[in-house]
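Please work from the sequences and hints to get the whole structure.
Residue numbers (our numbering), protein chains in the order written: chain A, 87 to 179; chain B, 1463 to 1914.
Please note that a few of the clues may not be correct.
In silico DSS-like cross-links for lysine-lysine, where the CA-CA straight-line distance does not exceed 27 Å [unchecked claim]:
#1 1617(B) / 1778(B)
#2 176(A) / 1485(B)
#3 175(A) / 1778(B)
#4 1714(B) / 1485(B)
#5 177(A) / 1903(B)
#6 1714(B) / 109(A)
#7 175(A) / 1485(B)
#8 177(A) / 1778(B)
#9 1485(B) / 177(A)
#10 176(A) / 1778(B)
#11 1714(B) / 1617(B)
#12 109(A) / 1743(B)
#13 176(A) / 1903(B)
#14 176(A) / 109(A)
#15 1892(B) / 1743(B)
Here chain A is said to cover these stretches of chain B; the calculated rule only asks that three of the stretch's residues, wherever they fall, bring their Cβ under 8 Å from a Cβ of chain A [said to hold, decoys possible]:
#16 1539 to 1547
#17 1614 to 1625
#18 1810 to 1821
Please keep in mind that the hints were generated in silico from the structure rather than gathered at the bench. For each residue, glycine too, the CB sits at the ideal point set by N, CA and C.
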Amino acid sequence: MDVSYLLFILMLSVFLGFELINKVPATLHTPLMSGANAISGITVVGAIALAGSGNSDMAQWLGAGAVALASVNVVGGYMVTDRMLGFFKKKEG
Amino acid sequence: MGLDLIIQLGYVVAAGLFIFGLKMLGSPDTARRGNAISAIGMLVAIVAALLDQGIVQYEYILGGMVVGGAVGAVAARTVAMTSMPEMVALFNGVGGAASGLVGVAALSIADGSFTYITIILSILIGGVTFTGSLVAYGKLSETIGSGAVTFGGQKFVNGLIVIGILASAVMFVMDPTNINMLYAVVGLSLLFGIMVVIPIGGADMPVVISLLNSYSGLAACAAGFAVDNNVLIVAGSLVGASGIILTQIMCKAMNRSLSNVLFSGFASVSTTVTEVEGEIKPISVEDAYYVLEAATNVAIIPGYGMAVAQAQHVVKELMELLEANGCEVNYGIHPVAGRMPGHMNVLLAEADVPYDQLLEMDDINPRMESVDVAIVIGANDVVNPAAREVESSPIYGMPVINVADARTVFVLKRSMASGFAGIENPLFYKDNTRMLFGDAKESIGGLVREFS
Chain A
87 MDVSYLLFIL
97 MLSVFLGFEL
107 INKVPATLHT
117 PLMSGANAIS
127 GITVVGAIAL
137 AGSGNSDMAQ
147 WLGAGAVALA
157 SVNVVGGYMV
167 TDRMLGFFKK
177 KEG
Chain B
1463 MGLDLIIQLG
1473 YVVAAGLFIF
1483 GLKMLGSPDT
1493 ARRGNAISAI
1503 GMLVAIVAAL
1513 LDQGIVQYEY
1523 ILGGMVVGGA
1533 VGAVAARTVA
1543 MTSMPEMVAL
1553 FNGVGGAASG
1563 LVGVAALSIA
1573 DGSFTYITII
1583 LSILIGGVTF
1593 TGSLVAYGKL
1603 SETIGSGAVT
1613 FGGQKFVNGL
1623 IVIGILASAV
1633 MFVMDPTNIN
1643 MLYAVVGLSL
1653 LFGIMVVIPI
1663 GGADMPVVIS
1673 LLNSYSGLAA
1683 CAAGFAVDNN
1693 VLIVAGSLVG
1703 ASGIILTQIM
1713 CKAMNRSLSN
1723 VLFSGFASVS
1733 TTVTEVEGEI
1743 KPISVEDAYY
1753 VLEAATNVAI
1763 IPGYGMAVAQ
1773 AQHVVKELME
1783 LLEANGCEVN
1793 YGIHPVAGRM
1803 PGHMNVLLAE
1813 ADVPYDQLLE
1823 MDDINPRMES
1833 VDVAIVIGAN
1843 DVVNPAAREV
1853 ESSPIYGMPV
1863 INVADARTVF
1873 VLKRSMASGF
1883 AGIENPLFYK
1893 DNTRMLFGDA
1903 KESIGGLVRE
1913 FS
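Right, here's the structure in full:
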């Protein structure tokens, strides 16, 4: 893909990220962090392509390792965030 | 052609769901659903990636997913809420390592200098995130000392490492067949991650965790450039931006610049001795009970000590008894109380304290004058009036919770040792301060017994 096009996407999403997160209340900072961390597991998508490419043994093994690590991130990150958010309750009544 | 379009559309949908999910994470009412939506986005992205016809072998992928997913699931289920800071640190590190590995593996498909540069970047950021997070994990779980490690010539050594990374990176990009230069980048990045985190300790950890969180996103973003994938760039930069914002909030809450946190240990400036007037006035649990029984408005200010003593549940018990006694109870949460952003909120949420009773510093401070008793549990620097009154104090200018404005202040503390920053706290010597010495959990447990 065109480099300038990728950079364009980068710029827009950085601005979007700043706008999205700016107003998060302090009480949600930890879930936000672990939820964002789960999203950074998106690298699994890149790892999948490399692990299955059949290119070279080395790329496959490295890719498989990356898939495993990123899966820890994705599964663990989303689950622990959900567990935490389950605790947050409003005052009843 | 048709399949390729479907895959790309899948990525677009995934990115949209991430954005939507993050937006919903911004409010306590919708946060849980937001997290679920973002998880669905991840599922869509993974399915789209698996459809790719370039994939000829699924064994490696499935093997990796099963192993990683199982580890992640077990960790997420079993971790205690008090261990969340080190858990988040570990997850950050794992994410960084994954992106670094993607960078290395992408060498097999790389062509053109730009791709090589982005591969180097993902290895560099991923490597720093990985070892940096491991050190942070060690400090937070106290498997290694939690204090700052500094030595003479540290900046010089770090400078050399940076030059080494730059030099080997440039040489590798100019001649990608020179694989030794790549190994040099890998090794130096891993070393650099250790070097940048060891001089940071204790109360500065919230900044480090936020920063590493940001790096784990940026690493994914760099990996996205390396493998030419939009959704990695979008998701990675969203995470990068969110981590940077949290980092800024943490720095602001300590009135320090990021470079000050990263490059200078607190200890070096805190040698000035401040004259503190007045005397320490201890109080017994019984006397504290009589004061609390008559109070109509109580503010609880927790700090890292509450997490250490695991006192959050017994604090909640005391809160219920006070409320049954017709007293209004609120919590004042300083942004950097604890070891990660929002640390206290998670602990108290687990103990069933409603989040609308957890007030941010700017909300509790104006109310402090109408508070009968402010109970400080294991917090020190974040309630230190020296930050407002003593210009020579190293924490002067840091916004603090003004507990001294309350009619009476109880400080629950193990002993008279000063906080992480090693700074005298004039609060302990104020006329309206009473010290309740001992383990926070036991002291509050004693109060609970007096009430019932």
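Discussion item. Does residue 1778(B) sit within 27 Å of residue 176(A), going by the straight-line distance between their CA atoms?
Written reply: 15 Å, holds
Discussion item. Holds or violated: residue 1714(B) and residue 1617(B), Cα atoms, limit 27 Å.
Written reply: 24 Å, holds
Worksheet item: For the pair supplied as a hint, residue 176(A) and residue 109(A), is the alpha-carbon distance within the 27 Å limit?
Response: Within the cut-off at roughly 19 Å; holds.
Worksheet item: Holds or violated: are the alpha carbons of residue 109(A) and residue 1743(B) at most 27 Å from each other?
Response: 42 Å, violated
Worksheet item: Do at least three Cβ atoms from the segment 1614 to 1625 of chain B come closer than 8 Å to Cβ atoms of chain A?
Response: Answer violated; 0 residues pass the 8 Å Cβ test.
Worksheet item: Within a Cα-Cα threshold of 27 Å, do residue 176(A) and residue 1903(B) meet the stated pairing?
Response: 25 Å, holds
Item to complete: Starting from residue 177(A), check that the Cα of residue 1778(B) is at most 27 Å away, please.
Response: Within the cut-off at roughly 13 Å; holds.
Worksheet item: When you check the alpha-carbon spacing of residue 176(A) and residue 1485(B), does it fall within 27 Å?
Response: It holds: about 20 Å lies between the C-alpha atoms, which stays within 27 Å.
Item to complete: Quickly compare the C-alpha distance for residue 1485(B) and residue 177(A) to 27 Å and report which way the hint goes.
Response: 23 Å, holds
Discussion item. Hint check: residue 1892(B) vs residue 1743(B), CA-CA at most 27 Å. Holds or violated?
Written reply: 9 Å, holds
Worksheet item: Do the alpha carbons of residue 175(A) and residue 1485(B) lie within 27 Å of each other, as the hint requires?
Response: Satisfied, since the Cα-Cα distance of roughly 19 Å is no more than 27 Å.
Discussion item. For a C-alpha distance cap of 27 Å, please report whether residue 1617(B) and residue 1778(B) respect it.
Written reply: Not OK: residue 1617(B) and residue 1778(B) at ~46 Å, beyond 27 Å, violated.
Of the numbered hints stated above, those contradicted by the structure are hints 1, 12, 17, listed in ascending order.
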